[in-house]
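Protein chains: 2
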Amino acid sequence: MVSCSICGKRACYHRRYSGQRFCAEHFVEYFEGKVKKTMLRYRMLARGERIGVAVSGGKDSLTLLRILSKLAEKLNLELRAILIDEGIANYRKETVERARRFCRELGIPLEVFSFKEHFAYTLDEMVKLSRRNACTFCGVFRRKLLNDAARELGCEKLATGHNLDDEVQAIVMNYLRGDLERLVRLGIDAGSEQLVPRIKPLMEMPEKEVALYALLSGIPASFDECPYAEQSFRTEVREMINRLEENNPGIKFSILRGYQKLLPYLKTYQAKALRNCKTCGEPSSGERCRACLLLEELSRAA
Amino acid sequence: MVSCSICGKRACYHRRYSGQRFCAEHFVEYFEGKVKKTMLRYRMLARGERIGVAVSGGKDSLTLLRILSKLAEKLNLELRAILIDEGIANYRKETVERARRFCRELGIPLEVFSFKEHFAYTLDEMVKLSRRNACTFCGVFRRKLLNDAARELGCEKLATGHNLDDEVQAIVMNYLRGDLERLVRLGIDAGSEQLVPRIKPLMEMPEKEVALYALLSGIPASFDECPYAEQSFRTEVREMINRLEENNPGIKFSILRGYQKLLPYLKTYQAKALRNCKTCGEPSSGERCRACLLLEELSRAA
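Protein chains in written order, with this note's numbering: chain U, 1 to 302; chain G, 1001 to 1302.
Don't read these hints as lab results, they were simulated from the structure. Since no wrong hints were added, every one of them can be taken at face value.
FRET-style restraints, in silico, Cβ to Cβ:
1. G/Ser1003 <-> U/Tyr42: 55 to 63 Å
2. U/Ala229 <-> G/Arg1234: 31 to 39 Å
3. G/Gly1250 <-> U/Tyr42: 34 to 42 Å
4. G/Leu1263 <-> U/Ser285: 19 to 27 Å
BS3-like cross-link-like pairs, simulated, lysine-lysine; straight-line CA separation at most 25 Å:
5. G/Lys1267 <-> U/Lys267
6. G/Lys1037 <-> G/Lys1261
7. U/Lys267 <-> G/Lys1261
Here are some chain G residues pointing at chain U (derived, C-beta under 10 Å):
8. Leu1180
9. Ile1241
10. Ile1251
11. Ser1254
12. Gln1260
13. Leu1262
14. Tyr1265
Since the model is a prediction, treat every value here as computed from it, not as a measurement. Positions of the beta carbon are idealized from the N, C-alpha and C atoms, including for glycine.
Chain U with its partners taken away, still in its complex shape (with noise of 0.2 Å):
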């Protein structure tokens, strides 16, 4: 029998990257006390702060909810979970009702916003409209309705659910596609005046331990896909990293620390790159920014 590194107990994961084995229960003690020193490393929160949470009703932002609602006594948080209603037929539903039963379960008020009210379509209807591809929609008007709805609900951060792999496969394919840009955007969660500083405590957490913690601690997570998930190149990237770990232990920390050694120096690219969008005032990489570009080519071609 292999055993829990702790209490000698059989152990049900093998953290390669250290040799630690864990038994059930101190996995999950593990793990909560390893996304709260995340958290303290980074001074993602504040006492008293009222925080927004991203909430899909997937593992990762379930997992985060639950973390955070444990805080929030002792910290004395305010949370508000925020779903985005992209508008997508027989998925959506069922997600927004899971959290919905999760947020009541755990008394955190849960706030929807819907692309169809604040954007006139639905992402179905904008995928009909247009030859682009959902995720160019769905990325650009969700980080937009994400920022909006946490600035409206007075929030001071906005919590996502991003775990380790998201963000290294992130890293990873910026730096493939040699896209500064959003290489350096990534890391920024300094705010603006417009823009809620974003907070990731999953960021050091492998989705394989969020998986396991979500299962262990019974969140009633769903695995369904995205229906038009396909992200051919992140699958790519995914898969690639995924083969590299498994040979190399710990090769995403230290994809995740490189990056955030290499982000200091690109501190004046930043400066250089946001300024505000003609059309809207929102913080813009370019003249006018995506949403009101992707919005001015949907009501011409509706």
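Here the structure of chain U is known, so what remains is to put chain G in place on it, guided by the hints.
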């Protein structure tokens, strides 16, 4: 029949990332032209300079020597081929002979510098004296000896045969390891009082194209692998990048371009990182340089 994009004759090469196809004659013309453009673009050469060319006897370095020799008269260059004899039984001797014949044909003086003579031990002896792998010694001492040789021969520049694949592999390895120091050093070619500036005229040429050029222009290059070659991580990264390129033609270039965009932001890192070795006075990232540390280790073991 697939035909050459320029003359319509039978094509022997399809450059996937640009869609062009070339016959043998136009491939050679394209290849030489692009190497010259690269040298111009990065201002690698100046009229009348004395250039040390690192020659191993492999396809890359002999291709480099051939192209530089074609330019030598026009630009009034003085070329000096520099061959490092590491002292590897049953390997180096043959490549030294091949390089010697090739240099004689081109009328370029060849100078051989050996580990034994300069560091008191052959690479084979170093490996026997120590538990380190050969590549550690070879990397450090070859780099040092190439620089010393170029300085001793009064060269203004030191040219090496690194191709696009070599560069991109090194960049990605350092991204993945999070090794900012090596990432920066890779891009230093500015030189200093003690470091002869390095140029890499083939850095924009994919390995496949260098191999084809060598073949088509009758360069007597060896494709023998060094008997110590293992470099498992580099092999893993090489295969990974080749798979990516297969699905995303041109990605090797976008990796290189992204790195080049990053480099200017890392300039401040350079200044911090390089000082002078306390023992030999050569540029070093630590208090003492790796070469001096390794030599001391060897003399203790002997």
